[in-house]
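Given chain A, put chain B in place with the hints provided.
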Amino acid sequence: MPWTRDDMAALAAQELLDGFYVNLGIGIPTLVANHIAPGVDVTLQSENGMLGLGPFPTEADIDADIINAGKQTITELDRTSYVSSADSFGMIRGGHIQLSVLGAMEVAENGDLANWMVPGKMVKGPGGAMDLVAGVGRIIVLMDHVDKAGTAKFRKSCTLPLTGANVVDMIITNLAIFQRPDRRSPFFLKAIAPNVLPDEVRAKTEAHYLEMPA
Amino acid sequence: MVQKIYDNAPLALDGLLFDGMVIAAGGFGLCGIPETLIDAIVESGVTGITAISNNAGVDDFGLGKLLKTRQIRKMISSYVGENKEFERQYLSGELEIEFCPQGTLAERMRAGGAGIAGFYTRTGVGTMIAEGKETKLFNGETYVLETGLVADLAIVKAWKGDPYGNLIFRKSARNFNPMAATCGKVTVAEVETIVEPGAFDPDHVHSPGVFVQRLLLATHNEKRIEQRTIRQEAA
Chain A
24 MPWTRDDMAA LAAQELLDGF YVNLGIGIPT LVANHIAPGV DVTLQSENGM LGLGPFPTEA
84 DIDADIINAG KQTITELDRT SYVSSADSFG MIRGGHIQLS VLGAMEVAEN GDLANWMVPG
144 KMVKGPGGAM DLVAGVGRII VLMDHVDKAG TAKFRKSCTL PLTGANVVDM IITNLAIFQR
204 PDRRSPFFLK AIAPNVLPDE VRAKTEAHYL EMPA
Chain B
1079 MVQKIYDNAP LALDGLLFDG MVIAAGGFGL CGIPETLIDA IVESGVTGIT AISNNAGVDD
1139 FGLGKLLKTR QIRKMISSYV GENKEFERQY LSGELEIEFC PQGTLAERMR AGGAGIAGFY
1199 TRTGVGTMIA EGKETKLFNG ETYVLETGLV ADLAIVKAWK GDPYGNLIFR KSARNFNPMA
1259 ATCGKVTVAE VETIVEPGAF DPDHVHSPGV FVQRLLLATH NEKRIEQRTI RQEAA
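As you go down the protein sequences, you meet chains A and B in turn. Per my numbering, residue 24 is the first one in the first sequence, and the count goes up by one each step. Per my numbering, residue 1079 is the first one in the second sequence, and the count goes up by one each step.
With the rest of the complex left out, here is chain A (with noise of 0.2 Å):
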């Protein structure tokens, strides 16, 4: 049985340790700051200028001055800071926080990360993708492991633009996880979801990766 995005979820809040400072990326990632362990102490950041983020507000309590990076409005804790997104840029640029949560729409089996453009198609922008994976020293990317029209989102190369090069140390799927231990390492079957074969990961999966060690 695949992972829901819950689990996905749950399975990254398990690499954020106690002390870390943490920034997670809009959608899937959002989730994992539901299932952080009691007694971890964890920091989440916001790059548009916001330090210890609070969980979202009650109806009375929302306040259109306090929201994340993904414009939800959200509330402060004892610890809150704020600062310009130049500084909070310099907190992700300077190697300050330690772990971000991402989503993506390819990654290859070099760690590129492809999650901003769909050309002629999607026009977004960056936003503060291509600055958090170029300055913060641990990159999980949350993702579905197949796209809608069933191709392998974990590829031998991106065929989109890329955020990033050579930048993922983790993958979440709601098949698997695939991790690896330096950014010179191919990545390996870290894990697999329940009743899921490693011959259906292996199908649906483009990229080259080491199997399960015993």
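These are computed hints drawn from the structure, not numbers from a lab. Misleading hints may appear alongside valid ones.
Computed list of lysine-lysine pairs in DSS-like fashion (alpha-carbon distance at most 27 Å, straight line) [what the hints assert, rightly or not]:
(1) A/147 <-> B/1238
(2) A/144 <-> B/1146
(3) B/1301 <-> B/1162
(4) B/1211 <-> A/147
(5) A/147 <-> B/1301
(6) A/144 <-> B/1162
(7) B/1146 <-> A/147
(8) B/1162 <-> A/147
(9) B/1162 <-> B/1146
(10) B/1301 <-> B/1152
Reference excerpt, derived from the structure (chain B facing chain A, CB under 8 Å, subset only) [claimed, not checked]:
(11) 1250
(12) 1303
(13) 1305
In this text, a Cβ means the ideal position worked out from N, Cα and C, and glycines have one as well.
Just chain B now, with coordinates in the frame of chain A:
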């Protein structure tokens, strides 16, 4: 005291607008955008604008209003989703876009305002953002040269301002406003509240008055919310 306070937005923009000009605007999404000044620029009819702004507003709000009237010729932005009119004009070739990663955009505005012509960053290396740009190796890693940005006019939104042009922003509405304020040859700030001289603790000023030539009381403070997300009250 030099009179920086103007009675309304048209007066605050008087003599500053011309066709083909470059305008930098503060704001992220619809948060912390200079709503009053944008409306006045729409009214002015100035055209051929190059707009430096992280986003392009939505169809009927923010810079989207200036797109609807075709007053903008080019955008320098990091993210322009959520705006159908933008997409239509871009795909039909009426509108030019220079995509700039968000952190690079913030730094380009900061650099332009600080007299720095260019800087090297890892952001965008190996992507089409770096195509045609100079690269350089530092400690074995490749960095790409990005240039500082200077605008003919910067428009910003602040929470409070004093008659000297000192500004204090509120929460995440700060975002790009401090950098925008520095990168304008002339900067006009609209504020939600004008305070008396001396009301600010000097330690708490976010943007000092040297960057702000004109100031007005904002009359449009709709602060539209793009993604209204709430949680249910715990029982």
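Discussion item. Does residue 1162 of chain B sit within 27 Å of residue 144 of chain A, going by the straight-line distance between their CA atoms?
Written reply: Holds: residue 144 of chain A and residue 1162 of chain B sit about 12 Å apart, inside 27 Å.
Discussion item. Against the 27 Å threshold, does the CA-CA distance of residue 147 of chain A and residue 1301 of chain B hold or violate the hint?
Written reply: 23 Å, holds
Discussion item. Run the distance test for residue 1146 of chain B versus residue 147 of chain A: straight-line Cα separation, threshold 27 Å.
Written reply: Cα-Cα ~18 Å, so holds.
Practice prompt. Quickly compare the C-alpha distance for residue 1162 of chain B and residue 147 of chain A to 27 Å and report which way the hint goes.
Written response: Roughly 10 Å separates the two Cα atoms, so the pair holds.
Worksheet item: If you take the shortest Cβ to Cβ gap from residue 1250 of chain B to chain A, is it below 8 Å?
Response: 5 Å, holds
Discussion item. For a C-alpha distance cap of 27 Å, please report whether residue 147 of chain A and residue 1238 of chain B respect it.
Written reply: 33 Å, violated
Fill in: Minimum beta-carbon distance criterion (8 Å), residue 1303 of chain B to chain A
5 Å, holds
Discussion item. Does residue 1146 of chain B sit within 27 Å of residue 144 of chain A, going by the straight-line distance between their CA atoms?
Written reply: 21 Å, holds
Item to complete: With a cut-off of 8 Å on the beta carbons, see whether residue 1305 of chain B makes it to chain A.
Response: 4 Å, holds
Worksheet item: Does residue 147 of chain A lie within 27 Å of residue 1211 of chain B when you go C-alpha to C-alpha?
Response: 22 Å, holds
Worksheet entry | residue 1301 of chain B paired with residue 1152 of chain B [C-alpha distance capped at 27 Å] | 25 Å, holds
Worksheet entry | Agreement of residue 1162 of chain B and residue 1146 of chain B with the hint, judged by alpha carbon distance not exceeding 27 Å | Judged against 27 Å, a Cα distance of about 10 Å means the pair holds.
Going through the hint list in order, the structure does not satisfy hint 1, though it satisfies all others.
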